[in-house]
Amino acid sequence: MKPAPFAYVRPASLDDALRLLSADGGDAMPIAGGQSLVPLLALRMSGAERLVDIGRLEALRQVAVTPSTVMIGAGITHAEIEDGRVADPANGLMRRIAGGIAYRAIRNQGTIGGSVALADPAADWPSCLIALGAVARIAGPGGERTMPVEHLIEGVFATALAPGELIVAFDIPRLAPSARVGFAKVARKTGAFAMSLAIVILDGAEARVVLGGAGTRPLVLAHTSAAVLAPNAADAALRDAIVRDLNAVDDLDAYARRLHTATVLRAITEMRAS
Amino acid sequence: MTTVSLTLNVNGADITTPVEPRETLADVLRERLTMTATHIGCEHGACGACSVEVDGKIVRSCLMLGVMAEGRGVVTLEGLNDDPIIAVLRRAFHEKHAVQCGFCTPGMLMMARDLLKNRHVTSERDVRDGMAGQICRCTGYAGIVRAILAAAEELRRTSAGAPASA
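Sequences listed follow chains Z and L, in order. Each residue of the first sequence is one higher than the one before, counting from 1 in this note's numbering. Each residue of the second sequence is one higher than the one before, counting from 1 in this note's numbering.
Just chain Z, same shape as in the assembly (with noise of 0.2 Å):
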């Protein structure tokens, strides 16, 4: 054993969670499905007095369809979205993701609450989010409250969330029958984090670009996003957008420039083949 000793609670109620995790500013942590974390405290770089496991919390795995979203729970795995076990309000791209995150040994326990509460730039599912305009659901000890994924995500391993506050869900708007989606990802081998990610989303009148493993949080790709509007965009133009966007971009050196740009390009040529 590695790890670093803590005690451990496993609360029956989202309110008992709560209240563990706040209680007396307590030194705890949240755990759900363990694959950032357990991994994070063998090698000792994360810690606590106190562990409390919200793996098994109901009020954590609940999913609701409405005709505009999806409500997924934080504590729904990428397993239960690969299979097809709930609901996916993107016509399929949040099933396909799910299926290449990690290995299905990870899948089997990661969690999408807990992918986005990491927030990883190089994760899949916190780019995806943004892509679809999702919106988090929060609970804390002041209560509930929502924030759209695309704040709540900050920076390198940072959220806003804060202290004893846990993701609940994410309401999720659902994509048109006829909206066009396209997913590019380069990683070292299969199941490794990407050095870069795309996923373009066309849906009517409104495009988005997302761009993942590129500077300390997913980026949208506002001049990118343009761009893919125009329905006859030559590849000239597309590059063009991306440079343009890729130039707000710190640290990116001409190897991860030239990658960034052909994992959007690959993406955007998905989606129109779609």
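What the hints contain is simulated information worked out from the structure, not anything from laboratory work. Take the hints with a grain of salt, since some may be wrong.
[To be verified] Cβ pair distances, simulated, as ranges: (1) Z:Gly92 - L:Glu124: 38 to 46 Å; (2) Z:Met45 - L:Glu78: 31 to 39 Å; (3) L:Thr16 - Z:Glu144: 36 to 44 Å; (4) L:Gly102 - Z:Tyr255: 35 to 43 Å; (5) L:Cys101 - Z:Ala205: 58 to 66 Å.
[To be verified] Every beta carbon over 10 Å from chain Z, so not counted as near; a handful from chain L, in silico: (6) Ile15; (7) Glu70; (8) Arg128; (9) Leu149; (10) Ser159.
Yeah, the Cβ is synthetic: ideal placement off N, Cα and C, and Gly gets one too.
Given the coordinates of chain Z, assemble chain L onto it according to the supplied hints.
Only chain L this time, still in chain Z's reference frame:
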């Protein structure tokens, strides 16, 4: 060190044991229950040597605390001596020279069984994608891939391991 009492089911038997909360499920299996088929390689989720089944789902036992498995049903390689898929895989690993030092083999067998149980495996690509999370430090992948493909073929022929769904 403060211990707590943990009750879980391992290979069909209910077991109660004292554990420290920081012990992983892999630690509990090996150190508390002396079940050493589950190997510990990296202890932080990179190598797959510790793969076991929890409630029918393949997981890495170094990425699950023992206390998180409270009340769950754990299946390790020790519990699969009569499993038809494992029997075919074991023979295929032997015949295709898929074992060098053998350290990764229990995890390879557990993961390969999950793959053959749940997916249609017909190509080398299917095997390499499905097994991508398992590391063999001898780099004996060619034999391992050949063995799993041969096992998939045999199971298809005998229909012993038909996937539940595509």
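Subject >> Hint check, failures only >> reply: 1, 7, 8
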